[in-house]
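The residues making up each chain are set out below.
Number of protein chains: 2
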Amino acid sequence: MICFRLSLIILFFLKSSDFVSGQFHTATYSPDRHIEVHLITELNGEFTYKVIFKNKPVIHSSRLGFSLNKPQVDLTRFKIISTDTSSYNGTWKPVWGEVSEIKNRFNQVKIRLQDLNKTDIVVDLTFVVYNDGLAFRYEFPDQKAFKHFIIKEELTQFALAADNKTFWIPGDYDTNEYLYNTTLLSEIDAISAANKEKDIAVQSLIGPNAVQTPLMMKSPDNIYINIHEAALINYAAMHLVLDKSSNTFTSHLVPDVIGNKGYLETPAKTPWRTLIISDKAEDILSSKMILNLNEPSKIENTDWIKPQKFIGVWWEMHIGKGSWDLASGKHAANTENVKKYINFAAKHGFDGVLVEGWNQGWEDWFGNWKEDVFDFVTPYPDYDMGAITNYADNKGLKIIMHHETSGSATNYERRLDDAFKYMVKNKINTVKTGYVGKIIPRGEYHDGQWMNNHYLRVAAKAAEYKIMIEAHEPSRPTGLHRTYPNWLANEAARGNEFNNAPSLGITPEHETILPFTRLIGGPMDYTPGLFHFKLNQFDSARKTKVRTTLAKQLALYVTMYSPLQMAGDLPENYEVYPDAFQFIVDVPVDWDDTKILEAEPGDFLTIARREKGKENWYIGGITDENSRISRIKLDFLDMNKQYIATIYKDASNADWDKHPEAYVIEEKIVSTKSELEIVLAKGGGFAISIKKNEK
Amino acid sequence: MICFRLSLIILFFLKSSDFVSGQFHTATYSPDRHIEVHLITELNGEFTYKVIFKNKPVIHSSRLGFSLNKPQVDLTRFKIISTDTSSYNGTWKPVWGEVSEIKNRFNQVKIRLQDLNKTDIVVDLTFVVYNDGLAFRYEFPDQKAFKHFIIKEELTQFALAADNKTFWIPGDYDTNEYLYNTTLLSEIDAISAANKEKDIAVQSLIGPNAVQTPLMMKSPDNIYINIHEAALINYAAMHLVLDKSSNTFTSHLVPDVIGNKGYLETPAKTPWRTLIISDKAEDILSSKMILNLNEPSKIENTDWIKPQKFIGVWWEMHIGKGSWDLASGKHAANTENVKKYINFAAKHGFDGVLVEGWNQGWEDWFGNWKEDVFDFVTPYPDYDMGAITNYADNKGLKIIMHHETSGSATNYERRLDDAFKYMVKNKINTVKTGYVGKIIPRGEYHDGQWMNNHYLRVAAKAAEYKIMIEAHEPSRPTGLHRTYPNWLANEAARGNEFNNAPSLGITPEHETILPFTRLIGGPMDYTPGLFHFKLNQFDSARKTKVRTTLAKQLALYVTMYSPLQMAGDLPENYEVYPDAFQFIVDVPVDWDDTKILEAEPGDFLTIARREKGKENWYIGGITDENSRISRIKLDFLDMNKQYIATIYKDASNADWDKHPEAYVIEEKIVSTKSELEIVLAKGGGFAISIKKNEK
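Protein sequence lines correspond, in order, to chains A and B. Here the first sequence is numbered in the numbering used here, starting from 343 and rising by one per residue. Here the second sequence is numbered in the numbering used here, starting from 343 and rising by one per residue.
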């Protein structure tokens, strides 16, 4: 690891706090010098940045600053106190991930600013420029007259250089489970888009021009730009509000009910504001900048943290075969039924079985803003916790706990220790949390500072108990799984379950957008693997359907990266297609290497990954509603070795709408010189396992 | 115990939900028939009550009802479904208290009402009438179409029959630490009164005509009326807003930040709305109606619950000798200093020593709406917790824990188990909690439903750890110490410490009002016993002073009932007056019997109490800013026995302003036939211990 300091420049030409500087200008470049970031103070004291990629403007001059409620002041006019530049070049190894080693190389400039409004408040702005993008954050160092402060708004701007093609969901304080829209910036209409959604329980919209991050864009000159944030700690999530007249986004933090957007205390720092930039879409997906911007693991011994593949007593409730609650008369989480799942999971080598609806409270849990719904330690009488965990234990697998909080974070926090102790006692070391409904403390939002602290607090406490966690309905991730590697995954977007939602469902292009948006922040528990496409199996009135082919469902295990992968469908549905199911059985959940072979947001995506500690490769390829031909070179394979590729692909008559279950499986001997040409059906995909030829 | 049912009348004359009844009228009487309560439905369906005492109107026809936010409906027009009358006559023994046995006798009528707005919502109204007053509550029984609901406002009215003399403090969602005002109802001006207060950290005023309960009144025809509530559980505190044109108060519940006033689920019940009524002021003070209306103890084994007398490392911080925080350089809670307090407490037979400022965080605790200030388990480095508790233990006394939450209830709740475990580990079984500052969850108020649940949750959890509790800055009590007898006392009003507050301080009449107001709900930790009157002892700039005589400070140990009594002043101040201090050493904190000898709110008060399990009596008498002569008969003493009375009274030159420390002590042989005549100075008082003459 190398870290050397280039320079520390104290700018003496500024004499008094009333003195507005002449124009200040400094530029910082990515190590490969493709990205240049210019920092400029305007004559009126405004501090701005602009970004150029390969000599093309990406971000025009954009203002930085803050508006505070306490003290009541706008921090928008500054003088420069000092600048400090440095570089870093190193690597680190994630506990689990898409690759076994991550390169972290950037140039940095840190500028100390002082407010010109006579408050003397000092703000540090740090810009880091990588080959794959840039990031910046505000820091409020320890200072005498500025200790506790309340944020009214962060005033960060992103003045885009063109009316980019944009993949967006409506800005919303409470949910990120929207279907993605693809329009020009000028065509964004978040309210209309949100109003089409009938299946989202709690919506708290911001306005017609507000969208969420990760925001993916493509400029008219084919530059791919992704705006997000990294290391969201003790801060509200950042949404973006567009000024259409100038293609300029301004940050919009999620408030509390009073309208305050953050309660901070110096020394404090904001999350990193990130821009991943490339002229290749593939580079956006392979970027590790978000992870690099997060702090290293706070957990010292990580031996107990394991990526997992699991099945769940879950989908049968969604499609009406069973139910979460006992009063329904079709309670799915009963001992006998759970044992069937365990048998199936054990037979096929899964790591665990998620059981939802195991605990009392589901008769009256939803939509009532009720504080004390669940206690997280009381099973329904037909669920024999001891017998079930022992049964699973004897078969070498784990039960995955489910903690639905119904949005009542206060209740969950006060019961958290007991809940985790109960898990430990029952040999359960992974929990799926859920936050369906309006938040309690009432008035807080899912994406506000208080709840972001809550999610992190739960993950940190889980680590104390050596418990792994994935959260459903939290704010979208920002790479914190580097710092808390027990926080394996999140939902935080529209998952596969929305195929069963009657209004918009999931469009075939959805899975080609998610890796460029939601997954930029971290792994998603997308719950792929649905093999039964018309969802009226147990409820003939149901009109919902899964809008992919079966082969595409397999591909998602590779394209939708997560260390926690569920086989979403029912055991009996898998038993109809045992040969196809074999891919789900085989596919790993941890990787040594990843190659993004081809990608275009909204259109298609092909990814190859090498199994952790093995020489096997797995490839997933998907398309949107259009059929396409994928031509891939296997030049990432080991030279001079032969492999057997098992290709799971759409049959010639496959089509997400008419013949989703039509697939073919073929085996091929392949090597580093092989090229494959695979036809993907409309809404289709393919999955390939490539194992070393031992014959 | 006797409980018999008088009648159950189902009213068949009402046929359909659209049918508005003819006038319904029923009357219920107190067992002694002095109080009559008339329940009447008006022709428009409004349900009203009125109250008559000894043939004089006390409450004119007053409407009852609710306004809901969910479902959005006003419950103000009803039909009568049934009425059910019963009587009760029994007694019960409190774990501790002013008397060893409490009589509970009332007549009851329960009326089932159904909403006429086609919602079919059923509401039960229960009225209970005692000899000393009446109470009523709303119940929302379990019903199919009405499960979760949100209160917009409770519409209970109290239409007073006259422009009564009233002892009031401004209605405020966050504080009850106001000085009392004495005016006619028509002269209430809460905003002006509140604006005079400069020493209250967080004020959330309701409006010019809003006041708090317990509200004490005296009618022009000399009827004493006290309005309050009992058993405040899962509900917001009730304040009262006056319509001056009709002398009518309407309930005003404390909202959450959204404006909702309660989240309930059937079956649900409101607290009791209470009216204590008598033509003798003494009867108001001896009423046990509030306790009777609360549920019996939920704690089965109460052996560990003990009334206590203690001193504290506390006042020296208030008057500037020491400080809570270490950074001040005069940290009071250091091992050496605390040992001095322990020595003093042990020498004089106290039960415990309260230590404030023992734990880290005080450098930055106040006024910043900061969530994580204290962790409740980390002493300052100069405070050797183990050494101190052992030192106390060896001398047979206990340290009293201090948990200042700075209003951050969320932080306290998540650390509560650890905090209580730390206490148990350190042999500490009493905690003084504090809620100074704006509440977190941000937007909640001290007196709202969420915080009322919090206070009770803390008390209930404390009981699990066999910990006794007193809360500072909670909402005012409503008799819940019957149900949780480990919840010994509260502050919840302007305590003696306000003598050190520069703006209004404490007037000499304050202590003659508190027993009629704040103490109606339960014991107060008033911290009497200040012996040094000019508070510039350690800070010559300080202009504050204690506005009583020394003898009155002694009297407060009897007049200001609490099972938890502090000797507020510094050991060195007590050592100046060892003979007077002897009364504080002698006075018990638990009683078998209590006699209110004379009382007039705002003027004077004399109370005699018999020590628990002993034949000794203690008398306290106080006056306001006027001198007076108290003439008391000792006819409550045992016949044919002789006693020695030690009388601590104002010297002839005593005066709260000029010679507060002038007192005389005299001994007298007394018997049941004795009459005492004692002169009280301006702002003065007297204290008497009466012990059996063993000579």
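Warning: the hint list may mix true and false statements.
All copies of an identical chain are treated as equivalent in the list; a pair is satisfied when it fits inside any one copy or across any two copies.
[Unchecked claim] Heads up, simulated EDC-like pairs for lysine to aspartate or glutamate below, C-alpha to C-alpha not over 16 Å straight-line:
id	residue 1	residue 2
1	803	759
2	452	466
3	803	760
4	887	426
5	803	755
6	956	980
7	486	928
8	887	967
9	489	713
10	586	539
11	767	726
12	486	443
13	489	706
14	937	760
15	1000	1036
16	954	934
17	486	706
18	489	705
Calculated from the structure, these hints are not laboratory results. Remember, it's a predicted structure, so these values are computed and weren't measured experimentally.
How the hints compare with the structure:
no. : hint           : result
1   : 803 with 759   : both (8 Å within a copy, 14 Å between copies)
2   : 452 with 466   : within (7 Å within a copy, 68 Å between copies)
3   : 803 with 760   : both (12 Å within a copy, 14 Å between copies)
4   : 887 with 426   : neither (57 Å within a copy, 57 Å between copies)
5   : 803 with 755   : both (10 Å within a copy, 15 Å between copies)
6   : 956 with 980   : within (12 Å within a copy, 95 Å between copies)
7   : 486 with 928   : neither (59 Å within a copy, 51 Å between copies)
8   : 887 with 967   : within (15 Å within a copy, 83 Å between copies)
9   : 489 with 713   : between (34 Å within a copy, 14 Å between copies)
10  : 586 with 539   : neither (24 Å within a copy, 51 Å between copies)
11  : 767 with 726   : within (14 Å within a copy, 35 Å between copies)
12  : 486 with 443   : neither (42 Å within a copy, 60 Å between copies)
13  : 489 with 706   : between (44 Å within a copy, 10 Å between copies)
14  : 937 with 760   : neither (43 Å within a copy, 48 Å between copies)
15  : 1000 with 1036 : neither (39 Å within a copy, 105 Å between copies)
16  : 954 with 934   : within (5 Å within a copy, 77 Å between copies)
17  : 486 with 706   : between (51 Å within a copy, 13 Å between copies)
18  : 489 with 705   : between (47 Å within a copy, 12 Å between copies)
When held up to the earlier numbered hints, the structure conflicts with 4, 7, 10, 12, 14, 15 and fits the remainder.
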